[in-house]
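Undergrad: Hey, can you work out the whole structure from these sequences and the hints?
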Amino acid sequence: MAVFRDLSLLWSLSHILVIFMLLYRSRYSRRKTFFLTGITMGPLILLNLAGVMIFGTELMGKAFIGTCTLPSLLFFWFVSSDKKGRFFFTFCLADTVALWIIAVTNLLDFYLGGKQYILMLIGRIVLFLLVEWVAVRYLRKPYLELQKWVPEGWGIFGSMTALYYVLLAVFANYPVVVTSRPGEMPAFLLVLLLMPMTYATIFTAMYRQLQLYRKQQSERVLQEQKHSLEAQLENQQVIRKLKHDMKGHAVTLSGLLSTGRTEESLEYLKKLVAEMDVLWGQYCANPYLNAVFSYYARKFQELGAELRLDIRIGEEELPYMELCQILSNGLDNAWTALRELKPGEREASVQMKYSRDYLVIRIRNRCREELRVEKGVLPSTDKKDAGHGFGLLTMQEAAARLGGDLLCYTENGSFVLDVMVRARALHMS
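At position 124 of the sequence shown (counting the first as 1) the number is 415 in our numbering, and the numbers step up by one without a gap.
Be a bit skeptical, because a hint or two may be false.
Label pairs and their calculated CB-CB ranges [what the hints assert, rightly or not]: (1) Leu662 x Val468: 56 to 62 Å; (2) Trp440 x Ala354: 36 to 42 Å; (3) Phe366 x Ser640: 42 to 48 Å; (4) Asp536 x Arg499: 52 to 58 Å; (5) Thr627 x Pro487: 44 to 50 Å; (6) Val664 x Met476: 54 to 60 Å; (7) Gln592 x Val425: 53 to 59 Å; (8) Lys561 x Gln502: 53 to 59 Å; (9) Glu702 x Gln592: 23 to 29 Å; (10) Asp709 x Glu423: 39 to 45 Å; (11) Phe462 x Trp368: 24 to 30 Å.
Keeping only pairs whose Cα atoms sit at most 16 Å apart, straight-line, the calculated EDC-like set for lysine to aspartate or glutamate is [unchecked claim]: (12) Lys644 x Glu608; (13) Lys644 x Asp709; (14) Lys633 x Glu593; (15) Lys644 x Glu702; (16) Lys562 x Asp536; (17) Lys506 x Glu436; (18) Lys644 x Glu607; (19) Lys439 x Asp696; (20) Lys406 x Glu349; (21) Lys517 x Glu660; (22) Lys590 x Asp623; (23) Lys666 x Asp696; (24) Lys439 x Asp373; (25) Lys666 x Glu702; (26) Lys633 x Glu606.
Hints were generated in silico from the structure; no laboratory data involved.
The C-beta atom is built at its ideal place from N, Cα and C for all residues, glycine as well.
TA: Okay, structure coming up:
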C-alpha cells in the first residue's frame, strides 16, 4: 500500500504550490511564472518523493525543511514581486496550512485507517481541494488587494506563521514521529486546534484593515470630487465677475478710442487678455481639466509662485475623473512643497502631451535641498495632519485604472512626478 502513501505525498507537495500560487503576486507574467515553477519545483518534488521511497517518511520528515521548504522559499522569493513581510507571510501561510493537512491526515490514517494509507490519500485529496476552493471563492481577491495597497504590518504575521510552521514540523517529527510519542499527543492535538483559530484571528484583523483602506479610498475619491466641483464653481463665479467688469472695460476702451489714443487702447486690451487668462484660465479644451488648472493657477499666483503650463491635448473625450485626481493631487503636492521655500525659489511646471501610445504628464517643482527620492520608490508623507499621505497612492491607483503607472524622483533640487497612461485606455473609458 506504499503506493497510496507516495501518491498522497505527491498530491500534497503539488498542491502546496497551488495554494501559494493562488495567493502570492509574481513579478512575471502568468505563463512565465508557471514555466519557471514547473522546471524548478517539479524536479524538487520528485527528488523529495524519491527520498521518501528510499529513506522512508520518518527520515525525510526530519529533513523536509532543508530538502524542500528552504529551496522553495528561495525560488519563490526570487519570483515574487514582494520581497519582505507580504511574501514571507504568504509563503509560511501556504506551507503551514499544507503541513496541518498532512499532520491531520497522518493521524487519521494511523488511528482509523490501519496504516494502509488509503484514508490518508482520500483525506488529502478532499482537504486540499476544499482549502483551494475557499481560497478562490473567498480569500484570493481581497487578499491580493490587501497585498497591493497595504505595505505595512505584515512582519508580525509572517513571524507568527513561521513559528507555527517550525512548531508543527518539530512537534510532528522530533525526536521521532509524534505517533510514537502517545504521551505528547494531547499537546499536539491542542496545537492543531489552536492554529486555525489563530489564522481566523489574523484574517479578521486583515479584513478590518482592508475595510479601513477601502473607506479611506472612498473618502479620497469624494474629496477629489469635492475639489473638482469647488474649482468649477469658482470658475463660474469668476466668469460672472468678468461679465460684470466688462461694462467698465468697455467704457474705458470707448473713452480711449474716442480720443484717438490707439496705442493706449491696444496696451489696455493686452493687459485685459492677460488678466482673463489668469482668472478665467483657458488652458485646455477639456472643461474638467481646465477647471483644475484654473483653480491651481490662482493658488500658485496667490502664493507668489511661478507655474508654467504646457498642455498639448485637444478636444477629445478623456476620463476626467482619473486625470483630475492625478493633476489635482500632483499640483497640490507641488503647491505644498513650494510653500516651504523662499518666495524667489517657488517654481513649478506641468507638461501634458501624447507620446506614441501614451499620454504623459510631468509635474516638476522645486523642493527642499535635503529631500531625496530614488526612482521607483514611493515616498511617504511627513505631514502630521490627519488625512494627508494618500496623494501619491491615489494618483497611482488612478493611473493603474487607465493602464499606466507613475514614477517620482528628485534631481537638481526639484521633485519630478511622471505619470504615463495608455492612450487606448483613455479613449475606451
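Undergrad: Going through the numbered hints above, which ones does this structure break? Give me the numbers in ascending order.
TA: Structure breaks hints 15, 21, 26.
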